[in-house]
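Chemist: Listed in order, the protein sequences are those of chains A and B. Each residue of the first sequence is one higher than the one before, counting from 76 in this note's numbering. Each residue of the second sequence is one higher than the one before, counting from 470 in this note's numbering.
Everything labelled a hint here was simulated from the structure, so no lab data went into it.
DEER-style ranges, computed between Cβ atoms:
1) P671(B) to G256(A): 56 to 62 angstroms
2) V103(A) to S573(B): 46 to 52 angstroms
3) P488(A) to L672(B): 16 to 22 angstroms
4) S517(B) to E349(A): 53 to 59 angstroms
5) A181(A) to L488(B): 40 to 46 angstroms
Treat the numbers as computed from the prediction; the structure is a model and nothing was measured. Positions of the beta carbon are idealized from the N, C-alpha and C atoms, including for glycine.
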Amino acid sequence: MLSQLPALQVTLPLIAAPLCLLVRSGRVAWGIALFASAASFAVAVLLLSRVLDQGSLSYEFGGWAAPWGIEYRVDIVNAFVLFVVTAITTVVLFFANDSVRKEVDASRQSLFYTVWLLCLTGLVGIVMTGDAFNLFVFLEISSLSSYVLIAFGKDRRALTASYQYLVMGTIGATFVLIGVGLLYMMTGTLNMADLADRLPAVMATRTVRTALAFLVVGISLKLALFPLHLWLPNAYAFAPSAVTAFLAATATKVAVYVLLRFLFTIFGVTFAFEAMPLGIILAVLGAAAILSTSAVAIFQDDIKRMLAYSSVAQIGYMVLGLSMATVAGLTASVLHLFNHALMKGGLFLALGCVAYQLGNVRLGALAGAGYRMPWTMGAFLVGGLSLIGVPLTAGFLSKWYLVQAALERGWWPVLVVVIAGSLLAVVYVWRVVEMAYLRRPAESDGSAVQEAPLSLLLPTWVLIVANLYFGIHTRLSVGIASKAAAVLIGQSP
Amino acid sequence: MSLILVVLIPLVAAVLVALAGTWPNFREAISLLAGTIIFFLVLSLLPSVLAGESPSAWIAEPIPGLPIALRAEPLGTLFGLTASFLWVVTTVYSIGYLRRKGESNQSRFYAFFAVAIAATMGVAFAENLFTLFLFYELLTLSTYPLVTHAGTTEARQGGRTYLAILLATSMGFFLVAIVWTWSLVGTVEFRLGGILAGSASPLVIGVLYALFVFGIGKAALMPFHRWLPAAMVAPTPVSALLHAVAVVKAGVFAILKVTIYVFGLDLVTTSWASDGLLWVAAATIVFASLIALHQDNLKRRLAYSTVSQLSCIVLGALLANASSIIGAATHITMHAFGKITLFFCAGAILAAAGKTKVSEMDGLGRQMPLTMGAFLIASISIIGLPPFGGFWGKWYLALGSLDGNYAVFVGVLMLSTLLNIAYLLPIPIRAFFAGDRGAVVIGEAPVACLIAMAVTTTMCLLLFFYPAPILQLARLLVP
Numbered sequence: 076m077l078s079q080l081p082a083l084q085v086t087l088p089l090i091a092a093p094l095c096l097l098v099r100s101g102r103v104a105w106g107i108a109l110f111a112s113a114a115s116f117a118v119a120v121l122l123l124s125r126v127l128d129q130g131s132l133s134y135e136f137g138g139w140a141a142p143w144g145i146e147y148r149v150d151i152v153n154a155f156v157l158f159v160v161t162a163i164t165t166v167v168l169f170f171a172n173d174s175v176r177k178e179v180d181a182s183r184q185s186l187f188y189t190v191w192l193l194c195l196t197g198l199v200g201i202v203m204t205g206d207a208f209n210l211f212v213f214l215e216i217s218s219l220s221s222y223v224l225i226a227f228g229k230d231r232r233a234l235t236a237s238y239q240y241l242v243m244g245t246i247g248a249t250f251v252l253i254g255v256g257l258l259y260m261m262t263g264t265l266n267m268a269d270l271a272d273r274l275p276a277v278m279a280t281r282t283v284r285t286a287l288a289f290l291v292v293g294i295s296l297k298l299a300l301f302p303l304h305l306w307l308p309n310a311y312a313f314a315p316s317a318v319t320a321f322l323a324a325t326a327t328k329v330a331v332y333v334l335l336r337f338l339f340t341i342f343g344v345t346f347a348f349e350a351m352p353l354g355i356i357l358a359v360l361g362a363a364a365i366l367s368t369s370a371v372a373i374f375q376d377d378i379k380r381m382l383a384y385s386s387v388a389q390i391g392y393m394v395l396g397l398s399m400a401t402v403a404g405l406t407a408s409v410l411h412l413f414n415h416a417l418m419k420g421g422l423f424l425a426l427g428c429v430a431y432q433l434g435n436v437r438l439g440a441l442a443g444a445g446y447r448m449p450w451t452m453g454a455f456l457v458g459g460l461s462l463i464g465v466p467l468t469a470g471f472l473s474k475w476y477l478v479q480a481a482l483e484r485g486w487w488p489v490l491v492v493v494i495a496g497s498l499l500a501v502v503y504v505w506r507v508v509e510m511a512y513l514r515r516p517a518e519s520d521g522s523a524v525q526e527a528p529l530s531l532l533l534p535t536w537v538l539i540v541a542n543l544y545f546g547i548h549t550r551l552s553v554g555i556a557s558k559a560a561a562v563l564i565g566q567s568p
Numbered sequence: 470m471s472l473i474l475v476v477l478i479p480l481v482a483a484v485l486v487a488l489a490g491t492w493p494n495f496r497e498a499i500s501l502l503a504g505t506i507i508f509f510l511v512l513s514l515l516p517s518v519l520a521g522e523s524p525s526a527w528i529a530e531p532i533p534g535l536p537i538a539l540r541a542e543p544l545g546t547l548f549g550l551t552a553s554f555l556w557v558v559t560t561v562y563s564i565g566y567l568r569r570k571g572e573s574n575q576s577r578f579y580a581f582f583a584v585a586i587a588a589t590m591g592v593a594f595a596e597n598l599f600t601l602f603l604f605y606e607l608l609t610l611s612t613y614p615l616v617t618h619a620g621t622t623e624a625r626q627g628g629r630t631y632l633a634i635l636l637a638t639s640m641g642f643f644l645v646a647i648v649w650t651w652s653l654v655g656t657v658e659f660r661l662g663g664i665l666a667g668s669a670s671p672l673v674i675g676v677l678y679a680l681f682v683f684g685i686g687k688a689a690l691m692p693f694h695r696w697l698p699a700a701m702v703a704p705t706p707v708s709a710l711l712h713a714v715a716v717v718k719a720g721v722f723a724i725l726k727v728t729i730y731v732f733g734l735d736l737v738t739t740s741w742a743s744d745g746l747l748w749v750a751a752a753t754i755v756f757a758s759l760i761a762l763h764q765d766n767l768k769r770r771l772a773y774s775t776v777s778q779l780s781c782i783v784l785g786a787l788l789a790n791a792s793s794i795i796g797a798a799t800h801i802t803m804h805a806f807g808k809i810t811l812f813f814c815a816g817a818i819l820a821a822a823g824k825t826k827v828s829e830m831d832g833l834g835r836q837m838p839l840t841m842g843a844f845l846i847a848s849i850s851i852i853g854l855p856p857f858g859g860f861w862g863k864w865y866l867a868l869g870s871l872d873g874n875y876a877v878f879v880g881v882l883m884l885s886t887l888l889n890i891a892y893l894l895p896i897p898i899r900a901f902f903a904g905d906r907g908a909v910v911i912g913e914a915p916v917a918c919l920i921a922m923a924v925t926t927t928m929c930l931l932l933f934f935y936p937a938p939i940l941q942l943a944r945l946l947v948p
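Same shape as in the complex, but just chain A (with noise of 0.2 angstroms):
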């Protein structure tokens, strides 16, 4: 049993996924996405708990050997990111039940929660593949189940969103396809390890750099690196608030996996960095991410948006991160990627606690919103606490550790940006603060705004709290990340 765990990881949701579409009824599809989403996030656990006492663990699908067959290789790093994934679905499904009801057509429901598992299988899929070819199907999976979640949108802009995110992300999927086949034609093989292994023989030839700036392009687009985000704003600020937050926490930490893995495991550090300028280049794009992004978001009337644009600003740390290309680096990228997720995660989800309650995410709605509604601001306060990188939250260290490493490297500009992102955050961050505690609501409108109920924020503050919880107990996060940096970067077995 213990051995099929890697099967059980993809297979669960998948299985899952039909069942929901059987059942009709919105409540039984949701018990079902919830078995399965906690089924997998138990398996990611065991996984996870394996990697660390055994060291990686590969499995061969249907028991054909690799390279004819397709091969599970999960290490320290694809079972910290699968960790995260299954780990942010369950909390988000919590937030699901309710939240979808009020903003999911009843017929459509058991329809959305099947959609919701092949996205869960797509994602988990790429995080456990260890088959080049193998990850772009389960790429495609994911990319195709989210357009329709965005376009369960109650807003008919959603249809826009998502066909715009359906053209990026099909643009982007092709790039993967044609250099993942540019890297079969030189090498003859689809197979990650064999891949890393058969690279540097033909490592000068046009071919394979082609092949990897199609890869980082395509990836890129995936994970809505600047300037390639334009789809993800829209994507973010129309889909139903517990869509916003699962993709917001998952698919593009999920793609960040995908840029780490092809980058660092199968082109390897000489190539990818020294050979090829793109430690430059990703370092140029994410400082600008940040900047210019965050410099957005503070502009934005609609709230979502705002952090979606957060969002983009948030991926240029992660990106700034691995493009240091050192242990420190990755360190911080690592831990980013875990921390922003809890981040992003909570301050989604105290959002659509306002949408539940108020209709909608604007700016003015959310006057004096903190005394009417003091556990979902108070939720929200925490966690943009936690994005600027106040002490005693997760986000400090996420910004200690990189600004950690960008002194190691000696690079002082990555200093200057990462405390001016921090800066701006403050600004988008305290807008909403300062709406909230500050002005007093219209007199006009009904003061029979209340409280959200508790099923909306019991999930919110599950997530909060970890923010404070891995801001002061940092073995977990801390811990796997260093050494997830260490596996990537080839310094241990």
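Knowing the structure of chain A, use the given hints to seat chain B on it.
Modeler: Showing chain B alone in chain A's frame:
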């Protein structure tokens, strides 16, 4: 153990106050009780600190090698004693002030006040730079709701300036300096004699020192002083305790700690790290005093006076010799008692007479003789004349300037004394001698306020005759 309690008790008090909600007597009793307990807890640490021990406590370790830990050393004990004693006095004052003014949201006020005290205690007893930074930021955030207490547009604007400057300096310079120190020497622990000696070139040491001194924005060194006048929109007890004692003193205290325990006095004097900064501090002393001369709003005048006095303490830290350090440490406490009295008086005038401007105070001395009498005494103490405590701070600072071969700074200190006279003394003089001798129509301040003022004024006098415990603690810093 008692160290952790010192931080924990105000936090517990904050929660209880928030829960007590609509029960004013209970809420005030909690604050008074908590203040008294932590004062005696800090006092109980005094004998062992004087004996040269340093009790410590470990809380958590978020980043390997960077624990959150507390330790009682002489400077922190002095600051902790001052702040906890004045918290009790300010609570007594607040009872009279808030009730007379009928302020709203009093529970929120007392709760965040207690959190701010917890943060101050954390700053006072921080064992390393990391812990110091943590409580320093908590202090900024917990005082923000107090600054914006009124909820008006003006309060919002003031709050923005407050937060913007304090967070920008602390994140932009202070945090960078801490991480840099950590990457240079692999520790951020406070150690007598410093940890940085021999770890970097004089240039790096100089830049690092400047990052610390400007990064600790709470010390209000120009050009990062604007937050302090902006914070004057807060209710008076907040201005009195937090923006004359706890917050600003946390700033200069942190600079002193960094000078003594991170750089070490020898490194500061031998590496020329402080040369340029000395002139910035001297300029702040003079310019802030000049600006104070032109402020008609009493609280803003006092705020600029604080900016100037803080730079005297920074000057003492930067001179980094035995007398100047003793002077700086002593001045922290002496100035605290004087300035808090002045703010108490300003608040009493506002609560009883509704006046905020210096130009409106003609003849007020005959209406509120006790308040204006206290104002006069505290002014003299701030100016630094005997027989009041403020004398000792200035005395040692002047000695330190001479010891450091900077006779020019003795001139700066004397100039600042003259300017102090020029902007402080006209207020009581006008109050007692100008204006028409009308009938007494404005009553005295509330009794609770008067009690608080009496205590702090008496302390100004007592500290002149009995400065021994303070000087004794300060001398431990310069073996």
